[in-house]
Amino acid sequence: GDSVTQMEGPVTLSEEAFLTINCTYTATGYPSLFWYVQYPGEGLQLLLKATKADDKGSNKGFEATYRKETTSFHLEKGSVQVSDSAVYFCVVRRFGNEKLTFGTGTRLTIIP
Amino acid sequence: DTGVSQDPRHKITKRGQNVTFRCDPISEHNRLYWYRQTLGQGPEFLTYFQNEAQLEKSRLLSDRFSAERPKGSFSTLEIQRTEQGDSAMYLCASSLRGPSSGNTIYFGEGSWLTVV
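Chains as they are written, first to last, in the numbering used here: chain U, 1 to 112; chain E, 1 to 116.
Bear in mind the hints are in silico, worked out from the structure with no lab data behind them. Just so you know, not all the hints are guaranteed correct.
[Claimed, not checked] Computed cross-link-like contacts, BS3-like style, restricted to lysine-lysine with a CA-CA straight-line distance of at most 27 angstroms: (1) U:K99 with E:K14; (2) U:K60 with U:K77; (3) E:K71 with U:K99; (4) U:K52 with U:K99; (5) U:K52 with U:K68; (6) U:K68 with U:K99.
[Stated by the list, open to error] Simulated restraints on C-beta separations: (7) E:D7 with U:E15: 36 to 42 angstroms; (8) U:G96 with E:R15: 27 to 33 angstroms; (9) E:L55 with U:Q81: 39 to 45 angstroms.
[Claimed, not checked] Among chain U residues calculated to face chain E with C-beta under 8 angstroms, some are: (10) E42; (11) G43; (12) L44; (13) L46; (14) R67; (15) F89; (16) E98; (17) L100; (18) F102; (19) G103; (20) G105; (21) T109.
Using N, Cα and C, we set each Cβ at its ideal position, and we do this for glycine too.
Please model the entire structure based on the sequences and the hints provided.
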């Protein structure tokens, strides 16, 4: 079946540091890829998505590029803020399937 | 647009009791999903509805679990004869059509279940 492997946390960074959270996936065909974020006390929110190879999803300064050759979708941000502290989930969805398959999540804490 | 709402937000129950969770999706969203999330893990798919029809069920959904969406609007998830292993957060989500059509899935804040 489909699976997602993402960098284990927790990750602690200082404000304005560069962020990378690694994510690799296993899925047949041409899946869509997502990053979801869960802020403290809130529900899961879609952060960004990419639906085909070499697509770059971006939102709120975060970016991730769909790399089919390495089956990866790493999340990056050039300068993190305290408000970025949250749990980040890498997610894959097989084409034509309604089910989302989540990674285990990476807890990110940004210190001032 | 008031978002996906779930009730109750927290439930503590004794082993062997039945519990029911309710989900109200975003208005006019015809797809509704249930996921389960345990501590330190990502959400796992349980089932989804298109309108009132339940179209897919995960093997995680044992015979003790039943989900309904009788009028194609709100949904309920019932767990009978709860076990300690059922302790988890139960997430509901909805979308206008489905992610396969490009539409975003919106999640509620979840219902925490603790079985003691």
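Right, here's what the structure says about each hint:
1. U:K99 with E:K14: Not satisfied, since the Cα-Cα distance of roughly 31 angstroms exceeds 27 angstroms.
2. U:K60 with U:K77: Distance of about 9 angstroms is within 27 angstroms: holds.
3. E:K71 with U:K99: holds (22 angstroms)
4. U:K52 with U:K99: holds (18 angstroms)
5. U:K52 with U:K68: It holds: about 8 angstroms lies between the C-alpha atoms, which stays within 27 angstroms.
6. U:K68 with U:K99: Judged against 27 angstroms, a Cα distance of about 20 angstroms means the pair holds.
7. E:D7 with U:E15: 36 to 42 angstroms: holds (37 angstroms)
8. U:G96 with E:R15: 27 to 33 angstroms: The hinted range 27 to 33 angstroms is violated for U:G96 and E:R15, with Cβ atoms some 40 angstroms apart.
9. E:L55 with U:Q81: 39 to 45 angstroms: holds (41 angstroms)
10. E42: Cβ of U:E42 sits 7 angstroms from chain E, so the hint holds.
11. G43: holds (4 angstroms)
12. L44: holds (4 angstroms)
13. L46: holds (5 angstroms)
14. R67: violated (21 angstroms)
15. F89: At 5 angstroms from the nearest chain E Cβ, U:F89 passes the 8 angstroms test, so the hint holds.
16. E98: Holds. Min distance 5 angstroms.
17. L100: With a minimum Cβ separation of about 7 angstroms from chain E (threshold 8 angstroms), the hint on U:L100 holds.
18. F102: holds (3 angstroms)
19. G103: holds (5 angstroms)
20. G105: holds (5 angstroms)
21. T109: violated (16 angstroms)
Hint violations for this structure: numbers 1, 8, 14, 21, all remaining hints satisfied.
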